[in-house]
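So the protein sequences, as listed, match chains X and A. Counted from 1, the first sequence has number 139 at position 140 by numbering that gives the first Met the number 0; the numbering is strictly sequential. Counted from 1, the second sequence has number 93 at position 94 by numbering that gives the first Met the number 0; the numbering is strictly sequential.
There's no promise every hint is true.
Listed below are several chain A residues computed to face chain X (Cβ distance under 10 angstroms; list not exhaustive) [stated by the list, open to error]:
1) P52
2) P56
3) P132
4) T179
5) R198
6) R200
7) V202
8) T203
Simulated from the structure, these hints should not be mistaken for lab results. For each residue, glycine too, the CB sits at the ideal point set by N, CA and C.
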Amino acid sequence: MRPQQGMIPWGPNTTAGGRAGTQGGEGAVELVMVNPTEQAAIPRGGNSLQSQPDGKGHFGGVHGGRFVAETLMPLILELEAAYAKAKADPAFQAELAYYLKDYVGRPSPLWFARRMTEKLGGAKIYLKREELNHTGSHKLNNVMGQILLARRMGRTRIVAETGAGQHGVATATVCALFGLKCVIYMGATDVERQKPNVFRMRLLGAEVVPVTSGAGTLKDAMNDAMRDWVANVADTYMLIGTVAGPHPYPAMVRDFQSVIGEETKAQMQAAEGRLPDVVVAAIGGGSNAMGIFYPFLDDSSVRLIGVEAAGHGLDSGKTAASIERGRPGVLHGNRTYLLQNADGQIEEAHSISAGLDYPGVGPEHSWLHDIGRAEYVGITDGEALEAFTFCTEMEGIIPALESAHAIAHTVKIAPTLPKDALIAVSLSGRGDKDIFTVAEHLGVTL
Amino acid sequence: MSRIAARFKALADQGRGALIPYLEAYDPDRETSLALLKAMPAAGADLIEIGMPFSDPSADGPVIQAAAIRGLKAGATLVGVLDMVSAFREDDATTPVILMGYVNPVESYGYERFCTDAAAAGVDGLILVDLPPEEAEVLEGPAAKAGLDIIRLVAPTTTAERLGYVLSHASGFVYYVSITGITGTRSASAQDLRAALPRLRAVTDLPIAIGFGVRTPEQAAEAATIGDAAVVASALLATLAETLDDQGRASEHTLPRVLSQIEDLAKAVRATARTPA
């Protein structure tokens, strides 16, 4: 099915309320934790871009959905109901707010990158410091929300997929925190290239299962995590790490990650008295991007730019740019842009960044692309490496290779924008995990 | 009457259930899998399921995953799978053929075009594992127009309230996934099956096939007696895999061993008949 571009603009609000929105931060100087119960009370208008997905989990009527085997269908219906109930429950939201503040370490700062700004000579660049969260990335925002939900549902065993290991580490962390059994599926190739994270997960008490099917990367880990879930439905919760998978995962993970955008909005108001002009984030599955985009969807003055991993180049055949070089199809429970061949077989993705090495993307991004609300661009491995070094030298912040893709695009556009323009960049993770990869590419032996 | 309905009716008249062996298209190559397909009815297949290889078979265990990879390596495409069915139909006009696979290759081919081409090739029914009734509208119209049955899976997790909904979207027969798990791993006990089936019978008059974990002749006979058909997949693919040479190519043992296993399964299923065929 081709996306029906333009046919389904901001569709009618068929979900109950959607996630309500934005923190009333106008003029607020001190950033406080978002009070989600207040938000939940604000209904979204009928033509809001924040009203997706519809009741069947479809974004724009095409992307998303629930493409799973019958064995799992009753489970995701149960999850959908449990999440709807938790979302509307002030006690759940208060519990989540407590852990986000005192365990994750939120809110994260919005840092004015002065030297980077001066060097590039254009727009003012702000970095949203998600790398300062506990475990070093934005991943814990979502994991914290889902683990509280899993506990409410009485599940005692958690399975998750991981690529670079950031989501696996975050999941193993909360399982340690709550004393839950944790099984992480990780492609054998990734186990090899991300040894420190594998060791971290094992220290945290998780069982790490190397996946040898396929190419042994994130997509194969996702397949095996789903196989585990189907075989252990009675006690197991599948904790998906990105805004993909069958409904309700894309919407739920987005909701949990939206704290990034809500804080950014309030912090930019506090710093500059207005909204940013451009928001930039890297995209693998797209959870940090969806989290920072979502609160800005209805602010039409704000350009939203998702940066995909172009790998060796968009047209090199070795890329992870699913939106720019893929077409809609069905994988891992949802319809979305996928890298696939003419016969509908899924292709391997290629990126220097293990976290972006996935042949699909969250369905909400696919929809935002179709309607033109967000722009999607590609950054190559080489450009990301340059940005990695640039950010480290200019700001004293070592970014994750994933986040370096967002910085690389910022480096391209900042000089083209006026000096009073404001760019907010999601610095989704820290780069400690990537030093071996970077050293290898720089020809340094550690 | 469709081939599927006719076959189940004929077997009901004999007082026995059906044996439905599975093969993965192009495993390990087109020629071998076509020869296997053509020889299956004589070995005792009452209906045949053909797997359409997919790169990411997330509901399947290691045995079917490996078969799918072999099939893809050998160049399997949906066009090629349909072409195999056409070749099979040159000699066999009555044995029902069901294609089983995942939705993406079919979506990529185009639902309308696929249903038309599949029906023209002589396919009788489709099982798309990851296309639940909630998402099946894209397929249902084209399949009905082409006269293809959509076989629905029902699992032990399928709730009572959901059962009626799922089965209202089913035709041909119902495929009962007898375990919560992936293909070719554990098996349900006869006791589990006896407990599970009345729940389905109360909601549907369609024949019920039992699959996932049916491996031995005894299990096949049980499943075909408690239900109306036994589907055997991983056990046959595992045998096929054993016969391949170290390059993964078919050997002179490949066809005889798989076919002899089907004969053993068929003998056990046929022994349950009230009146011999």
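Here is how each hint holds up against the structure:
The interface hint given for P52 (chain A) holds, since its Cβ lies 8 angstroms from the closest Cβ of chain X, which is under the 10 angstroms cut-off. Against a cut-off of 10 angstroms between C-beta atoms, the interface hint on P56 (chain A) holds, since the closest Cβ of chain X lies about 8 angstroms away. Because the smallest distance between the Cβ of P132 (chain A) and any Cβ of chain X comes to about 9 angstroms, under 10 angstroms, the interface hint for this residue holds. Look at T179 (chain A): its Cβ gets to within about 5 angstroms of chain X, closer than 10 angstroms, so that hint holds up.
Because the beta carbon of R198 (chain A) sits about 14 angstroms from the nearest beta carbon in chain X, more than 10 angstroms, this interface hint is broken. Using the Cβ-Cβ criterion of 10 angstroms, the hint placing R200 (chain A) at the interface with chain X is not satisfied: the shortest such distance is roughly 18 angstroms. For V202 (chain A), the shortest C-beta to C-beta distance to chain X is roughly 14 angstroms, which exceeds 10 angstroms, and the interface hint is violated. At about 14 angstroms, the closest approach between the beta carbon of T203 (chain A) and any beta carbon in chain X exceeds 10 angstroms, and the interface hint on this residue is violated.
The structure is inconsistent with the numbered hints 5, 6, 7 and 8, although it conforms to all the rest.
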